[in-house]
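As they're listed, the protein sequences go chains D and Z.
First residue of the first sequence? That's 889 in my numbering, and the numbers climb one at a time after it.
First residue of the second sequence? That's 373 in my numbering, and the numbers climb one at a time after it.
Treat each hint with caution, since some may be false.
[To be verified] Label-pair distances were calculated between CB atoms; the ranges are:
(1) D:L1056 / Z:Q633: 35 to 45 Å
(2) D:L1048 / Z:F520: 49 to 59 Å
(3) Z:R429 / D:L970: 20 to 30 Å
(4) Z:A538 / D:M1145: 24 to 34 Å
[Said to hold, decoys possible] Far from chain D, by Cβ distances over 10 Å, these chain Z residues were calculated:
(5) R415
(6) M466
(7) E516
(8) A577
By construction, these hints were calculated from the structure, which means they are not laboratory data.
Beta carbons: idealized from backbone N, C-alpha and C, even for Gly.
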Amino acid sequence: MKESTVFFGPERILIGTHTFGDEAAGATADLGVILGNAGLLARTGPHGINLTLARALSRISVPSLRFDKSGVGDSRRPSNPLPFEQQSILDTRLAIDEAQARHGVRRFVMIGFCSGADDAHLTALQDERLCGLLLWDPYIYPTLKSRVLYLQDRVRELGLPGAMGRGLRLAARALYAQLQRGRALALGRQAPAPLARYWRSYIPPATQYAARLRQLLDRGVDIKIIYSGGFPGDYNYANQYRDSFRGCGIADRISCMYLPNADHTLTSRASQQALVKIAVEWVDSLRARGLPTAAPVAGP
Amino acid sequence: MEHLIARFGAPDREMLGILSLPDAPPGRAAWLLCNPFGQEAVRSKQMYRILAERLAREGCSVLRFDFHGTGDSPGEAVDQSLGDWISDLLAADMCLRSRQRLAAVTMHWFGLRLGANLAALAAQRAPRRPDQLLLWDPVLSGREYGEFLLARHRESLSDGMHMNWARLRRESGEPEPSLPGNVLGFDVGAALAADLVRLGPPPLAALLNDGLRIGIALDPDRLARMQLPCGAALDPIAIELPIDWTSNDAYGAPIAPQQVQRAVLASIVHR
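Just chain D, same shape as in the assembly:
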């Protein structure tokens, strides 16, 4: 296994680490993996998961590039930054350019954790070199069943009075936040940002997210989604994804798994090992199956 850390991009302000196997120099791989940031954590990933993944992938001769997007980890901000989402997409496309130039690969998959899953699917919408996505804890859309299951769990954990007390406190907090927003808007002030959910400040409507995924599926992108057990109030049963997207025409076309014993940030070795095994087998299967080759590259 070899690793090489480089600056890349037009301003040479982005930094990434290539990890690849011991193949003969000049050998080209047919599939590469892009690993981005999870939230504001550096490219090694929460509890080092990107590092572990990259080294595991190199053992099956799949090269990877883990990188820091602008302003995160070791990468600096560009002189003329774009709005956050656009900059994230641009940085990811520049990372794909870098990996392509280094390894001669034209097809890529991206493994994205949390907000990295957002970056992955948004970039794939613009860059046909991304032929596969593994999304860890992407947006969650609770269902009636998930709410009922959570309520049952809370009663079991806290007893009925405790669960009711906790529920009332949460409802009061949500109501207070709504009142604050309403008051600010009535006074013509900027409303405070809504409470972040799933470590994000914005969740698109389910129909919008489903439409984006459908667009990618129609293009032949292989999408694998894994939900952790880290949001038991919102995602808590194996086929919830199917219920969330019932009627959207995507549920049967996406491989979705639920790992109830893994937390969102993959703290334990067992959850890291489970994820790495799934990811490596998935990447290996994509390589064997042969994904559609991207059209001639139109860089960012």
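For chain D, the structure is supplied; the task is to place chain Z on it using the hints.
Then chain Z, alone, in the frame of chain D:
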């Protein structure tokens, strides 16, 4: 300002660092930034970049690096010890001095958490001592630090799974963390675990006797409890906003605390 990838160290202990150089050499001072351990290094990465950029803008040459077996440096985490990392730190110091011909400039070492202890211990062994140490929130007892990591592992999983530790153990079969072992996703081998048990507070008195200037930042409670040696060369700093560097998210805490930047810049000015 220029940023370069630096690869250095003995062939069997290679390391990766980033060298930040000011526009106008020779530099005003040189800074070696020493990482903390494990998740604390992941969480503080951005702060180290911001510090390096700020110092380079002030005319300083800066090297930040990953110890062998950590971060983007090669090697296996499970094989490391504090002694190995002290040697790595001295190799990083040599790299910084040799790359920039810094014989004449003052050398500062900054370390956060376990990185602060490593800097203090390495300063005792250094053939060429640094002029100044800035030790931010150092570990005062390695045994307690080990217990802290184990506790944070349990808390992180409990918080992450929204259930108490006993239930998590019962229902998920989550193993009790231990040292040596894997804590917060990072391997601690037998040698490092044994070193931690023996680790005490930074040897301030000995370093002051050797003529070093030392800044030490601790939360106010620990600062009040710690018996600091006297001397004008020791600058105690009360941390205004204690930060849990093992967390995955800022949760409203600053990514790069202003107080750290102020202290770093002040130590250049006061020389």
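Verification of the supplied hints:
1. D:L1056 / Z:Q633: 35 to 45 Å: 43 Å Cβ-Cβ, so the 35 to 45 Å window holds.
2. D:L1048 / Z:F520: 49 to 59 Å: 37 Å, violated
3. Z:R429 / D:L970: 20 to 30 Å: 24 Å, holds
4. Z:A538 / D:M1145: 24 to 34 Å: Taking Cβ atoms as reference, A538 of chain Z and M1145 of chain D lie about 27 Å apart, which means the hint holds.
5. R415: Check fails; 7 Å does not lie beyond 10 Å.
6. M466: Holds, since 20 Å exceeds 10 Å.
7. E516: 21 Å, holds
8. A577: Holds: least Cβ distance 36 Å, greater than 10 Å.
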